[in-house]
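> Spelled out from the first residue to the last, the chains are:
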Amino acid sequence: MRTKRLGWEGPEVSVIGFGAREAGVDLTVEAQNQSIRAMQAGFDGGMTWVDTADVYDSEPIVGRALVGRPQTRVFTKVYHRLYEHGLTPPNIRRAAQASIRRIGRDIIDLFLVLEPDPGRAARPETLDALR
Amino acid sequence: MLYAEVKGLSVAYQRTGEGPALALLHGFTQDSRVWRPQLESLSELFTVIAWDAPGAGQSPDPPEAFRISDWADCLAGLLGVAAGDRAHIVGLSWGGLLAQEFYRRHPRRVRSLVLVDTYAGWKGSLPEPIPEDRLAACLRDASLPPEEFVSRYLPGMFGESPAPEVLEELAGIMSEFHPIGFRLMATALARADTRDLLPTIQVPTLLVWGDADTRSPIAIAGQLRDAIPDARLVVIPGAGHVSNLEAPDRFDAAVRGFCSSV
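Chains as they are written, first to last, in the working numbering: chain A, 1 to 131; chain B, 1 to 262.
It cannot be assumed that every hint is accurate.
[As the list claims (entries may be wrong)] What follows is a set of in silico ranges between Cβ atoms, one per label pair, in the way DEER data are often shown:
no.	chain 1	residue 1	chain 2	residue 2	range
1	B	V262	A	D106	47 to 57 Å
2	B	P179	A	I16	54 to 64 Å
3	B	S261	A	A41	15 to 25 Å
4	A	G104	B	S261	10 to 20 Å
5	B	L2	A	R123	54 to 64 Å
6	A	E125	B	P179	46 to 56 Å
7	A	P118	B	A137	20 to 30 Å
8	B	P229	A	G10	31 to 41 Å
[Stated by the list, open to error] Which residues of chain A face chain B? A few of them, derived with a C-beta cut under 10 Å, are:
no.	residue
9	G24
10	D26
11	P60
12	L82
13	E84
14	T88
15	A98
16	T126
[What the hints assert, rightly or not] In silico negatives: residues of chain A with every beta carbon more than 10 Å from chain B:
no.	residue
17	L6
18	G7
19	V13
20	T28
21	A38
22	A41
23	D44
24	W49
25	V55
26	R64
27	P90
28	L112
29	P118
What the hints contain is simulated information worked out from the structure, not anything from laboratory work. Quantities reported herein were computed from a predicted structural model and do not represent experimental measurements. From the three backbone atoms N, C-alpha and C, an ideal C-beta is built for every residue, glycine too.
Construct the entire structure; sequences and hints are all you get.
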């Protein structure tokens with residue numbers, strides 16, 4: 001698998017990763033296990049990251065797929081409309097902590113804004129909270 | 001339509017399928033017909049019970065003193081007749097409040113909770129003065145002729161692009177609303193605040209939300225997910241307040257998968 005630097009100063013990551021949005025659609029045990037097997041097949045094939053979001057309901061499934069794979073990176077996102085008043089710094093911190101809990105990891109490797117909160121995305125305090 | 005005598009009321013309900021019991025609780029402008037897709041699709045795995053709450057559909061109006069706790073006890077009586085000891089409880093909007101109150105009063109009867117486009121009561125989820133403003137509008141609108149009632153409430157029920165036949169279907173259901181039932185249900189919803197209950201919920205809980213819901217904005221789903229231990233959230237893109245009618249395939253996949261894995 002080819003790799004590429006993430007951003008200007010980030011780690012090398014595979015050019016293909018696993019997008020886990022659809023893993024949260026069908027909540028049957030069989031479908032979730034199938035999603036986990038698909039992710040793990042991707043990791044075995046050289047993918048080094050998986051991407052989810054607080055609004056996909058796949059964070060717990062991603063967490064299960066990552067058990068025993070500490071080197072695989074996890075990316076997740078905050079969806080501003082899930083939080084009253086949108087992307088305020090406290091809401092961003094709360095969202096990150098909740099995602100960490102659902103995924104079952106100590107850290108999130110990349111924390112993204114799912115879509116711009118028109119009132120807040122460009123404010124300095126928003127960017128500070130994301131850091 | 002079936003009927004059961006509960007608390008002195010002849011409560012109407014529909015029943016389909018065989019399997020673990022799953023109860024569908026409609027919202028306050030509707031009746032059991034709003035669950036048409038689920039009465040068919042979920043019946044493959046579950047015994048599906050969809051009631052007409054007292055004050056809606058083919059059920060009689062309740063007494064003026066009826067409170068949400070009375071609806072919950074009435075539901076317990078009905079499920080005892082129609083579904084046995086325990087059931088998955090699926091509540092939409094006002095029915096979601098009822099599901100929470102049912103859990104408060106009869107926790108051992110609940111196998112899992114599915115809360116759909118709902119609230120922790122208006123008082124528990126909406127900032128002042130919205131609950132009282134909404135209630136005032138409902139009390140006023142309860143006396144509207146059916147056509148005006150439908151034209152006032154139908155548009156807010158859907159997301160971005162509902163199919164015309166679905167609009168027509170819900171309009172037909174809403175046009176048969178009960179003024180007394182609507183008034184009492186609206187009052188119960190406006191005054192309710194279940195925030196104390198949410199952290200105590202100990203059954204598996206799924207939240208299903210249309211992300212274009214304007215009556216119960218998706219931030220309320222975030223509020224409930226934060227408050228209910230280990231609650232899961234499935235968001236249906238583009239759907240509004242009646243996501244079960246607007247996006248039944250997506251809705252059914254979430255509910256079927258969740259309830260069958262509990």
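> Indicate, hint by hint, whether the structure satisfies it.
Against the structure, the hints:
In this structure, V262(B) and D106(A) break the distance hint of 47 to 57 Å, their C-beta atoms being roughly 29 Å apart. With their beta carbons about 59 Å apart, P179(B) and I16(A) fall inside the hinted range of 54 to 64 Å. Between S261(B) and A41(A) the CB atoms are about 22 Å apart, so this pair conforms to the stated range of 15 to 25 Å. Between G104(A) and S261(B) the Cβ separation comes to about 19 Å, which falls inside the hinted range of 10 to 20 Å.
Remark: the range hint 54 to 64 Å for L2(B) to R123(A) is upheld by a beta-carbon distance near 57 Å. At roughly 50 Å, the beta carbons of E125(A) and P179(B) sit within the given window of 46 to 56 Å. Range check, P118(A) to A137(B): about 28 Å between beta-carbon atoms, so the 20 to 30 Å window is met. Here the CB-CB span from P229(B) to G10(A) is close to 35 Å, well matched to the stated 31 to 41 Å.
With a least beta-carbon distance of about 7 Å to chain B, the hint placing G24(A) at the interface is held under the 10 Å criterion. Below 10 Å, beta-carbon pairs count as interface contacts, and D26(A) has one with chain B at about 5 Å; its hint therefore holds. Using the Cβ-Cβ criterion of 10 Å, the hint placing P60(A) at the interface with chain B is satisfied: the shortest such distance is roughly 8 Å. Because the smallest distance between the Cβ of L82(A) and any Cβ of chain B comes to about 4 Å, under 10 Å, the interface hint for this residue holds.
Hint status for E84(A): holds, given a least beta-carbon distance of 5 Å to chain B, under 10 Å. With a cut of 10 Å, the hint placing T88(A) at the interface with chain B is violated, because the nearest CB-to-CB distance is about 12 Å. The interface hint given for A98(A) holds, since its Cβ lies 7 Å from the closest Cβ of chain B, which is under the 10 Å cut-off. Contact between T126(A) and chain B, as hinted, is not supported at the beta carbon level, the nearest pair being about 17 Å apart and thus beyond 10 Å.
No beta-carbon of chain B is positioned within 10 Å of the beta-carbon of L6(A); the least distance is around 27 Å. The claim that G7(A) lies off the interface holds: its Cβ sits roughly 28 Å from the closest Cβ of chain B, which is beyond the 10 Å cut-off. For V13(A), the non-interface assignment is confirmed: its Cβ lies about 27 Å from the closest Cβ of chain B, beyond the 10 Å cut-off. For T28(A), the condition that its CB be more than 10 Å from all CB atoms of chain B is violated, with the nearest at approximately 4 Å.
Interface exclusion of A38(A) from chain B stands, the closest Cβ pair being 16 Å apart, more than 10 Å. Annotated as non-interface, A41(A) keeps its C-beta farther than 10 Å from every C-beta of chain B; the closest such distance is 21 Å. No Cβ of chain B comes within 10 Å of the Cβ of D44(A); the nearest lies about 26 Å off, and the non-interface call holds. Residue placement check: W49(A) keeps its beta carbon more than 10 Å from all beta carbons of chain B (closest about 23 Å).
Once the 10 Å rule is applied to beta carbons, V55(A) is inconsistent with being away from chain B; the minimum gap is 5 Å. Every CB of chain B is more than 10 Å from the CB of R64(A) (nearest about 13 Å), matching its label as outside the interface. Distance check on P90(A): its Cβ is at least 12 Å (rounded) from any Cβ of chain B, clearing the 10 Å threshold; non-interface status holds. With a least CB separation of 17 Å from chain B, L112(A) remains clear of the 10 Å interface cut-off, as annotated.
With a closest Cβ-Cβ approach of about 15 Å to chain B, P118(A) is found to remain outside the 10 Å limit, as its non-interface label requires.
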